[in-house]
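K.L.:
So you can see what is in the structure, the chains are spelled out below.
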Amino acid sequence: MAPTTSGPHGPETPTTRRAVVVGGNRIPFARAGGAYARVSNLDMLTAALDGLVARFGLQDEVLGEVVAGAVLKHSRDFNMTREAVLGSPLSARTPAYDLQQACATGLEAVVSVANKIRLGQVESGVAGGVDSASDVPIAVSEGLRRTLLTLARAKTVPQRLKAAAALRPGDLKPATPRTDEPRTGLSMGEHQALTTAQWGITREAQDEIALTSHQRLAAAYDAGFFDDLVTPYRGLVRDQNLRADTSLEKLAKLKPAFGTRLDTPATMTAGNSTPLTDGASTVLLASDDWAQAHGLTPLAAVVDAETAAVDFVHGEDGLLMAPVFAVPRLLARQGLTLEDLDYVEIHEAFASTVLTTLAAWEDKEFCVTRLGLDDALGTVDRDRLNVHGSSLAAGHPFAATGGRIVATVATALHRRRAELLAAGEDRPVRALVSVCAAGGLGVAAILEAA
Amino acid sequence: MSAPDPARSEERLATSPALGGLYARAGLAAARDAVTAPVRRVLGGTGDEPADLPVRTLRLDDLRPDPAHLTAYQHLLGEPAADALPAGYLHVLAFPLTTALLVRPDFPLPALGMVHLSNRVELREPVRLGDRLDIRAWAQDLRPHPTGTQVDLVAEVRRHGAASGSPAAWHGVSTYLARGVRLGDQAGDTARPARERFEAPLPTGRWALDAGVGRRYAAVSGDANPIHLHPLSARALGFPRAIAHGMYTAARALADVGARRGDTYAWDVDFAAPVLLPSTPVVRVAPADDGWDVTAWDARRGRLHLRTRVRPLG
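From first to last, the protein sequence lines are chains A and B.
Per numbering that gives the first Met the number 0, residue 0 is the first one in the first sequence, and the count goes up by one each step.
Per numbering that gives the first Met the number 0, residue 0 is the first one in the second sequence, and the count goes up by one each step.
So that you can see chain B by itself, here it is in the shape it has in the complex (with noise of 0.2 Å):
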C-alpha cells in the first residue's frame, strides 16, 4: 500500500479519541439519516451525499501504549502477556483514528451499520512495549460493491519521529461495506455475486464464545458499537443477537497461530457469516504455503464465518 498523498491535510489529535463520544455522534448521524434517507429515495437520488472522501489524515504522535491494557488485551485473546505488541493490539490502538474519520460529517458514509468485509495488516518490524508510536489514519478507494459501497480505512504506526515517508512498522487496512448506499453517478444494483459454497474440512478445535464476549471486546478494544454488545441493542440494528467483534475472532485465529508466526508476518482476513453470540465455532488450523491458514465456521448450519490467513515476513 502507498502511503497518503503528500498533498492530503493533516490533521494531528492532542489524544486518542473517546469511542464513546464517536458512537454517540455515528448514533445522531444515523438518526438524521433514518429520517431523510426515505425522502432522499423518493427524490430519487443520493445526488445530495458527496461522492468523495474527504482529503484528510488523522494523525496522533507519541502514544506509549499501557502494560495493563495490553496484558488485559493479552489475555482476553488467548495471546501470551509478552511484551511484542500483537498485530491485533495495534489494530486497537488504531482503531479510534479510523473510527473518527467515519463519524465526521463529510464521511459519505453512514458510520453505523457497515459491515467489516476484510483486513489486511502488515506487522514489518517488532513493535514493543516502552516503544513510543505514532499512528496516521485516512480512508481511501471508495468504490461500488455488488450490494452498496465499500471504502478503505488505512492506519499506519511507526516509532515515534520516523517520517510519514518511510516504511510503516504496521500497516492495516480495513474494508468495510455501507449496504444499499450508492453514491454520485454509480449504476444501480450490479450482480451480487454467488455465495461461496463452503465445505467443512476437519476441525482442530473451538472457540466457545459466551454472551459477554463482545462486552469484554468492546471494554478492551474501545470498540463498543452496539451490535456487540447486547441482544437487545443488536436487534435494535438488524441482527438477531449480539455479533462478535470481527477482529476479535481475527485476533483468536492470530492466537491459535501463535509464536511461531514469528516477530513479523502478514496477517489477512475475510469476514463471511458473522458469529452470533453465544455460539462454539469450531475451528481448523493448518499449515498453509510458508505459513498458516485458519478457518472458523458454525459446523451445525454449516456456515463459514471468517478466514485468516498468517504468513510470516522474511
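Extracted from the complex, chain A is given alone in its bound form (with noise of 0.2 Å):
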C-alpha cells in the first residue's frame, strides 16, 4: 500500500510513491488494408492484452485497472477496453475504462494509470491504446439519420410519410469518418505542411529523419530487441511498413503529397510521412511492492507528465507544436535539461514534425518569446533521438503509439542502466517521451531506468 501520514486535513493524506513500467506487448502493425485488413479495433487489443497476460504469468489476475482507447472508434465499442478484459485470460473482476486523446492516448493512459499507482490508488494497471485504420465505422448521413430519428418518433401514418419525403437521394451516401481537424478543413498533413513552410524544413532532413527511423527500427528487430515486446500476430512477425532496404534514393523519387498548393517547395511525401496503420499495444505497470511480490522486474519509472496545448486555429502555432511547449515546462519542474536525457522519443507524426520541434527549441527568439526561456532550449543529440526507430517505420495506429513508445523506451532504459552499471557507472538514466495530438495537443512523459 501507498505509504500515508496523518494530516491537518484528515486522517490519511496519501504521499505518493513510485509506479514502474514493468514491460509492455504489442503486436506488429500492419499498413491499412493488409494482415489486419478484416480484424476489429476489440480483437486487435484482445490479442496484445492475451501477448501481455502470456509474457507477466497473468492469467486470473485482477489487476487495478486496464485503461486504452482508440481514435477510431465503432459506437458498438463504447466499453472496448472493459470487453477486452472480458475477453482475456485477466480476471473478469479487473475494472477497465475507455480513453481517447487522439494520437496521445495511449501516452495520457500510461500516466493515468501511473498517477493512479502513484497514489496508492491501484497496485498494478495495463495501459494501451488500439486503431484500425482499414476497419473504420461508416456512418449514415447526416440528412438519413436526421430523418431516421424523425420516423422513430413519428406515430402517425402521415407523420411518418412527411418525415421520410424530407429525405434526398444524397442522403443515402455513407459518412466515412475522416481525420481533417473539424475547425480549419485541413488534414494533418496539410497543417503539419504550413509548420514545415514556417521553420523552412528542406526535404533531404525529412528524407533522412525517415530513413534513420527505417535503418534503426530494422536493425533493434534483428538485435532482437522486440523479442520481449511484440508478439506475432495473424502472420505478421515485424511491422508490415518496415523497409530495411530503403534509401535515400528511393525516398527522393516520392512525389510531394502534402502542401503541393503553397508557394514554398512541396517536401511532404508519402515516404516522410507516417502510412495509415492498424494495430495494438499494452504497458503493464506496477508498484515495486506488486512487481516484487509477482518476480517482475521494474524496467523504468514514470517519472512525470506534462500536457499542453496550442491554438492553431487562429493560426498562432502549428498543429502539431504542442509538445514543443510541454517538454519546456516538464523540463523546468524536473529541474533538467535535453543534456539530462539519455533517450529523446519525439512520435514521428510527420518527419517535419521531428525537424519542427528541434528547430523551435534551438530558436533563440521563440524559446524567449513564446516558451519564456531565457535563452534557446538546446539541441537533441540525434544519437540520443528515437534510436529504435519510430512511426515513420513502425506505422503509426493512433491510439497504439503511446504504448509502443512507452514499452520500447523502458526496455532501452533499463539495459543503458544495467551496462552502465557493468561498468561501474551509477547515474539515473533517462528517457522524455513526446507525443503531438490532434485538436493542437501534446504530452510529454520522463521515465527513468528503475
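Because the hints were derived from the structure by calculation, they are not lab data.
Hints are supplied without guarantee of correctness; some may be wrong.
[To be verified] Calculated Cβ distances over 12 Å to all of chain A for the following chain B residues:
| id | residue |
| --- | --- |
| 1 | Gln73 |
| 2 | His74 |
| 3 | Arg127 |
| 4 | Gln139 |
| 5 | Phe238 |
| 6 | Arg260 |
| 7 | Asp262 |
[Claimed, not checked] Cβ-Cβ distance ranges computed for the label pairs, FRET-style:
| id | chain 1 | residue 1 | chain 2 | residue 2 | range |
| --- | --- | --- | --- | --- | --- |
| 8 | A | Thr296 | B | Arg214 | 51 to 57 Å |
| 9 | B | Gly164 | A | Lys252 | 55 to 61 Å |
| 10 | B | Pro166 | A | Gln333 | 56 to 62 Å |
| 11 | B | Arg214 | A | Pro168 | 45 to 51 Å |
Glycine included, C-beta positions come from ideal geometry on N, C-alpha and C.
Please dock the two separately framed chains into a single complex, following the hints provided.
P.N.:
Pasting the structure below:
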C-alpha cells in the first residue's frame, strides 16, 4: 500500500510512491488494408492484452485497472477496453475504462495508470491503445440520420410519410470518418505542411529522418530487441511498413503528398509521413511492491508528465507543435535539461514534426518570446533521438503509438542502466517521450531507469 | 479414445472435400433409400444393408488454416480474433472428412437426416494460426440406440508430420443417430428412455438467433445441410422451421466461457431439442467442478437445447 501520513486535513493524506513500467506487449503494426484488414479494434486490443498476460503470467489475475482507447472507434465499442478484458485471460474482476486523446491516447493512458499507482489507488494496471484504419466505422449521412430519428418518433402514418419525404437521394451516401481538423478543414498533413514551410524544413532533412527510422527499427529487430515486446499476429512477425532496404535515393523519388498548393516547395511525401496503420499496444505498470510480489523486474519509473495545447485555429502555432510547449515546462519542473536525457522519443507523425520541434527548441527568439525561457532550450543529440526507430518505420495506429514508445524506451532504459552499472557508472538514466496529437494537443513524459 | 487400428486402410485426400458435392451425394442416396426402404420394410428386414462400418481412415495432410476464414469463424461465434484456433474451428476443419466418410455408398447409415446426439472434444495442445496440420477421420462403434442406430465419427488433428500413433493435438468424437434404422440381427425397438425432466435454472444471458444464423454458419463451416438453410428445405426434411447447427450452438457456449477456459480444454456437448430459427434461447454459464457448464434452453416452452461442459486440461 501507499505510505500514508496524518495531516491537518484528515486522518490519512496519501503521499506518492513510484510507479514502474514492468514490460509491454504489442502486435506488429500492419499497413491499412494489410494483414489486419478483417480484424477489429477489439480483436487487436484483446490480442495485445493476451500476449501481455502470457508474457507476465497474469492468467486469472485481478489487476487494478486496464485503461486503453481508440481514436477511430465504432459506437458499439463504447466499453471497448472492458470488453477486451472480458475476452482476455485476466480475471473478469479487473476494472477497465476507455480513454481518448487522439494520437496521445496511449501515452495519456500510461500517465493515468501511473498516477493512480503513485497515489496508492491501484497496485497494478495496464495502459494501452489500438487503432484500425482498415475496419473504420461508416455512419449514415446526417440527412438520413435525422430522417430515421424523426421516423422513429413519428406516431401517425402522415407523420411518417412527411418524415420520409424529407429524404434526399444524396442522403443515402454513407459518411466515412475523416481525420481532418473540424475547425480548419485541413488534414493533419496539410497543417504540418504549413508548419514545415514556416520553419523552412528541407525535403532532404525529412528523408534522412525517415531513412534513419527504418534503419534503426530494422537493426533493433535484427538484434532481437523486440523479442520481449512484440508477439506475432495474423502471420505478421515484424511491422509491415518497415522497409529495411530503403535508401535516400528511393525516398527522393516519391512525389510530394502535402503542401502542394503552397508557394513554398512541397517537401512532405508518403515516405517521410506516417502511413495509415492498424495495430495495438499494451504496457504493464505496477508499484514496486506488486512487481516484487509477482517476481517481475521493474524496467523504468514514470517520473512526471505534462500536457499542452496550442491555438492552431487562429494561426498562433502549428497544429502539431504542442509538445514544444509541454517539454520545457516538464523539464523545468524536474530541474532537468536536454543534456540530462539519455533517450529522447519524439513521435514521428511526420519527419517534419520532429524537425520543426527540434528547430523551435534551437531558436532563441522563439524560446524567449513563446516559451518564456532565457535562452534556446537546446539541441537534441541525434544519437539519442528515436534510437530504435519510430512511427515512420513502425507505422502509427493512432492510440497504439504511446504504448509502443513507452514499452520500447523503458526496455532501452533498463538495459542502458545495467550496462552503465556493469561499467561502474551509477547515475540516473532518463528518457523523454513526446507525442503530438490532433486538436493541437501534446503530451510529454519523463521515465527513469528503475 | 484410442488411435485407429493400424490395420485400417488409410485413404489420403489431396484436398479438403467440397461439402456441396457431398450433400448432393447424400441427397441422391436419400432419394435411393426413399424408393427402396418401403420395399425392404415390406420384405421384413434390413439385412441387405452392410452391418459393419467400412475399415477406412480418411486423411488430409498439410492443411494450412486461412486467416480470413478463421477470422470469419471467430466473428460469427463471438470469439476474439486470436491466433489460437478455437476447438470448434478445428471441428470445422475436420468436418469435410467425417462427412466424406458417411456419404460413401458403403457407409451403412443414411447421411441425410442423421441427428447429432453429442460431441466430445479434447484440445490437448494449443493449435495456432500458421501451424500446418494433418487431419484423420474414421467411423467407429456402430451400435443400437433405443430409436435406431448410432455411430461415432472420430477426427484427430496433429501437427504436420507427427506420427499417426502420437497423441493428437485435437481429438473429436461426434455421435450421430440414424432414427428408425436397424442393422443386421439387431433386436427390434427397445424401450425409449423417459425424457429427462428439465428444471430451468436462473439464466445469465440470451442468444438472439435470427433466421439467417443457419445460412451464416453454413457459409463459414461448409455444413450446408438443407435443414439449416431455409424453412422450406427444413420442412422437406421433417422440421417445422430451419434449425441452428448443433455445433454453432455448442461453439457459442464455448465462446461464452471465453479465454478463461485456458489453452487446452475438454469441451463436451449433449444436444437435446433442436433450436428452431429464429429464436432467442436463454443461457446459463456457471462454474462447475474445475471448469464451466453452459446450458441453453427455450424459456417459453421450458425445453432444453443443449448442455455443455468445458473443463481445462492440465
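K.L.:
Each hint should be assessed against the structure and marked as holding or not.
P.N.:
Hint by hint, here is what the structure shows:
The Cβ of glutamine 73 of chain B sits about 8 Å from the closest Cβ of chain A, inside the 12 Å cut-off, so the non-interface label is violated. Non-interface status of histidine 74 of chain B relative to chain A is broken: a Cβ of that chain comes within 12 Å, the nearest being about 8 Å off. Its beta-carbon lying about 9 Å from the closest one in chain A, arginine 127 of chain B breaks the requirement of being farther than 12 Å from that chain. With a least beta-carbon separation of about 35 Å from chain A, glutamine 139 of chain B lies farther than 12 Å from that chain, consistent with its non-interface assignment.
For phenylalanine 238 of chain B, the condition that its CB be more than 12 Å from all CB atoms of chain A holds, with the nearest at approximately 33 Å. Once the 12 Å rule is applied to beta carbons, arginine 260 of chain B is inconsistent with being away from chain A; the minimum gap is 9 Å. Once the 12 Å rule is applied to beta carbons, aspartate 262 of chain B is inconsistent with being away from chain A; the minimum gap is 9 Å. For threonine 296 of chain A and arginine 214 of chain B, the hinted distance range of 51 to 57 Å is satisfied, since their beta carbons lie about 52 Å from each other.
At roughly 58 Å, the beta carbons of glycine 164 of chain B and lysine 252 of chain A sit within the given window of 55 to 61 Å. Distance hint for proline 166 of chain B and glutamine 333 of chain A: a CB-CB separation of about 58 Å, consistent with the stated range 56 to 62 Å. Hint check: arginine 214 of chain B to proline 168 of chain A, Cβ distance near 32 Å, so the stated range 45 to 51 Å is violated.
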